[in-house]
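*Asks:* Each chain, written out:
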Amino acid sequence: MTVLCLTELDGADPADASLRALTLARSLGGPSLGAVVFADSAGVPASALADYGVTDVYVIEPSTLEGYAPQAWARVLAGLAADTAATAVLAAGTDRGNEVLAHLGAITGLPMAANCTLVTPDGGRTHRLVRHRWAGLLLEDAVMEAPIALFTVATDAVSPVPVNVAADSVSNVSAALPSGGTPSGSPMPASIQVHVHKPELAEADLVVRAVESPAGAGGASLATARVVVGGGRGVGGADGFAPLEELADLLGGVVGVSRVVTSEGWRPHKQQVGQTGTKITPELYLACGISGAIQHIAGCAGAKHIIAINTDPGAPILAHADYAVIGDLHQVIPALVEALRAR
Amino acid sequence: MEILVCVKRVPTVGGKIAVTPDGQEVDTRMSGFSISPHEECAVEEAVQITERAGGAVSVLTLGPEAAIEQLRGALALGAGRAVLLETDGREFGPIATAAAIAGEVRAHGYDLVLLGNEAADTGDYQVGIRLAHELGWPVATGIKNLSVSADSVVARREYRGAQEAYELPLPAVITVKEGINLPRYPSLPGRLRAKRAAVERSSPSWAAEGLRKEALRVPASSKHQATVLGHGADAVPELVRVLDELGVLS
Numbered sequence: 000m001t002v003l004c005l006t007e008l009d010g011a012d013p014a015d016a017s018l019r020a021l022t023l024a025r026s027l028g029g030p031s032l033g034a035v036v037f038a039d040s041a042g043v044p045a046s047a048l049a050d051y052g053v054t055d056v057y058v059i060e061p062s063t064l065e066g067y068a069p070q071a072w073a074r075v076l077a078g079l080a081a082d083t084a085a086t087a088v089l090a091a092g093t094d095r096g097n098e099v100l101a102h103l104g105a106i107t108g109l110p111m112a113a114n115c116t117l118v119t120p121d122g123g124r125t126h127r128l129v130r131h132r133w134a135g136l137l138l139e140d141a142v143m144e145a146p147i148a149l150f151t152v153a154t155d156a157v158s159p160v161p162v163n164v165a166a167d168s169v170s171n172v173s174a175a176l177p178s179g180g181t182p183s184g185s186p187m188p189a190s191i192q193v194h195v196h197k198p199e200l201a202e203a204d205l206v207v208r209a210v211e212s213p214a215g216a217g218g219a220s221l222a223t224a225r226v227v228v229g230g231g232r233g234v235g236g237a238d239g240f241a242p243l244e245e246l247a248d249l250l251g252g253v254v255g256v257s258r259v260v261t262s263e264g265w266r267p268h269k270q271q272v273g274q275t276g277t278k279i280t281p282e283l284y285l286a287c288g289i290s291g292a293i294q295h296i297a298g299c300a301g302a303k304h305i306i307a308i309n310t311d312p313g314a315p316i317l318a319h320a321d322y323a324v325i326g327d328l329h330q331v332i333p334a335l336v337e338a339l340r341a342r
Numbered sequence: 000m001e002i003l004v005c006v007k008r009v010p011t012v013g014g015k016i017a018v019t020p021d022g023q024e025v026d027t028r029m030s031g032f033s034i035s036p037h038e039e040c041a042v043e044e045a046v047q048i049t050e051r052a053g054g055a056v057s058v059l060t061l062g063p064e065a066a067i068e069q070l071r072g073a074l075a076l077g078a079g080r081a082v083l084l085e086t087d088g089r090e091f092g093p094i095a096t097a098a099a100i101a102g103e104v105r106a107h108g109y110d111l112v113l114l115g116n117e118a119a120d121t122g123d124y125q126v127g128i129r130l131a132h133e134l135g136w137p138v139a140t141g142i143k144n145l146s147v148s149a150d151s152v153v154a155r156r157e158y159r160g161a162q163e164a165y166e167l168p169l170p171a172v173i174t175v176k177e178g179i180n181l182p183r184y185p186s187l188p189g190r191l192r193a194k195r196a197a198v199e200r201s202s203p204s205w206a207a208e209g210l211r212k213e214a215l216r217v218p219a220s221s222k223h224q225a226t227v228l229g230h231g232a233d234a235v236p237e238l239v240r241v242l243d244e245l246g247v248l249s
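First to last, the protein sequences are chains A and B.
Quick note on numbering: the first sequence equals residues 0 to 342 in numbering that gives the first Met the number 0.
Quick note on numbering: the second sequence equals residues 0 to 249 in numbering that gives the first Met the number 0.
Source of the hints: derived by calculation from the structure; they are not laboratory data.
Since this is a predicted model, take the numbers as computed values, not measurements.
Every residue, glycine too, gets a C-beta built ideally from N, C-alpha and C.
Treat the hints loosely; a few may be bogus.
Cross-link-like lysine to aspartate or glutamate pairs, in silico, EDC-like; alpha carbons within 20 Å at most [stated by the list, open to error]:
1. Lys212/B to Asp121/A
2. Lys143/B to Asp94/A
3. Lys212/B to Asp140/A
4. Lys212/B to Asp26/B
5. Lys15/B to Asp311/A
If you want the ones that stay clear, here's a sample from chain A, every Cβ over 10 Å from chain B, calculated [to be verified]:
6. Gly29
7. Ala38
8. Ala41
9. Ser46
10. Pro61
11. Ala77
12. Val193
13. His196
14. Gly239
15. Asp311
With the hints as constraints, model all of the structure from the sequences given.
*Replies:* Shown next, in the form of structure tokens:
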């Protein structure tokens, strides 16, 4: 009984979305949890992975496969799944995770369930699962019958919890943890084995591979930002975003926008929060002048806290927010910036 | 350049989304239908490519007869030919959907197939990829910039704030995301032409898949009413206190 999880890295650390996937992977109860990492073996964060219950790391080094090639990554997973007699292979529901697992589904001819929030083995080849539909606005209860369960884990639905504090349910434990803190007095995780894996790859699997341009990578990304300052129709126009940028800077965050803002061409689409934009998981989402269309809520529901600034006390966003300031963002934000500068 | 664009008829959800009493479908008594923003952009991209490089755009949907409405919408934007893969009301899974589309691609012959990155309703994220494997073609997904030449495409997308570029030989499958372009509005002549256009039909076979839906439900509501901190700029001291309490002021 092996479970394999494609694990993405964020610099030297496991990506947050992958830690969430590993947390869910652990609940499948396999004695062996393998993380599949495409990186130099010197750069594998083995102890961080052990904290999340990983027993084996399968490393595919750049000398074997350089860069991101989705079909080749899937081929590697297919080979490892066969070698380890895996009962499940999963990934985070990121662009890459969904893409690689879909390739794996096509290669193996097996079904793949995208963006699951819960997966439970139900004997034999059966898994019961809950997954997002409509970007999480609906949940689907489903049954998967397959020799290997293939799925991805919704990036905004499962909290990342290290193994030694995971005695209780995931949500309870994460609430009990001080934010960013590490539990003390817990036993060291079991030993972890790192295997350098050198699969043979066919040319056909390498036709499509990414050429990454590092330029333009500066700044925190919307998907992983700790604070997002959101602007909607209430901002009024393309030239109204400077105070939001200033506030985002002060809070160490980034600006996100609603769909109307990108459809009007006020801001580039890459800043859009929502079903057809980016799903965010910040500590704080400060939604300014955003009414809260359902497709926008799908993108920001993963925020830990939401504060709305809106002139309309009846705006739908207020039903999803923890706090609200009723007022014009053009007055509230400059005053807030001033107050924060004065601290 | 022969381009096929695949679109899907889905309910237009606005303020809220509800499920039918049997838990099998989205309640559409109060809603219209549309295609997703990703797919609107796929249609626009195909039309722009053929405007520059010549060729023709076909639009395909797999769905009930009523989905002809969405085909006509794409015809009004500049597609020249419409194909309905008509279903009998059963929901096709991604494997059967990809197989049905592959049948049309083989029968007609295309250089490029465009789809949305994911369907708005099912969010399976895999029809384009399964289609490419069926055809033995290369595929790139989540694309937000496309340059097409005679025998290849360069497809770009963002990954963690950086740009990724993929070069694919044609024929190829590309799934696109909203933001790749700003779709045009249909012209009046376009709408008139769309109204009269013929729609080719066939009925692909449904097959059970290993992933079976039991029920849809609205998530247990996290809905509550926000605590109002105050009005206008007067609320700022209270707002700062809350920000501090949430630990976002460092």
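*Asks:* Within 20 Å, alpha carbon to alpha carbon, are Lys212/B and Asp121/A?
*Replies:* Measuring from Cα to Cα gives roughly 16 Å; hence the hint holds.
*Asks:* Hey, does Ala77/A actually stay past 10 Å from chain B on C-beta?
*Replies:* At about 12 Å from chain B, Ala77/A clears the 10 Å cut-off, so the statement holds.
*Asks:* Could you let me know if the closest chain B CB is still more than 10 Å away from the CB of Ser46/A?
*Replies:* Non-interface label stands for Ser46/A: nearest chain B Cβ at 23 Å, farther than 10 Å.
*Asks:* Going straight from one Cα to the other, do Lys15/B and Asp311/A come out at no more than 20 Å?
*Replies:* holds, 18 Å
*Asks:* Confirm or reject: Pro61/A is not an interface residue toward chain B, with every Cβ-Cβ distance exceeding 10 Å.
*Replies:* Since the minimum Cβ distance to chain B is about 16 Å, Pro61/A lies beyond 10 Å and the statement holds.
*Asks:* Should the label of Gly29/A as a non-interface residue stand, given a Cβ cut-off of 10 Å to chain B?
*Replies:* Holds: least Cβ distance 20 Å, greater than 10 Å.
*Asks:* Verify the proposed pairing of Lys212/B with Asp140/A, using a straight-line Cα cut of 20 Å.
*Replies:* Holds, at roughly 6 Å.
*Asks:* Quick check for students: does the CB of His196/A sit more than 10 Å from each CB in chain B?
*Replies:* Its Cβ never comes within 10 Å of chain B, the nearest being 23 Å, so this holds.
*Asks:* Would the non-interface assignment of Gly239/A survive a Cβ cutoff of 10 Å against chain B?
*Replies:* Fine: 17 Å to the nearest Cβ keeps Gly239/A off the interface.
*Asks:* So if I understand the rule, the pair passes when the alpha-carbon distance is 20 Å or less; does Lys212/B with Asp26/B pass?
*Replies:* The hint holds at about 16 Å.
*Asks:* Given the hinted pair Lys143/B and Asp94/A, is their Cα-Cα distance within 20 Å?
*Replies:* holds, 13 Å
*Asks:* Beyond 10 Å from every chain B Cβ: check whether that's true for Val193/A.
*Replies:* Holds: least Cβ distance 25 Å, greater than 10 Å.
The structure shown violates none of the earlier numbered hints.
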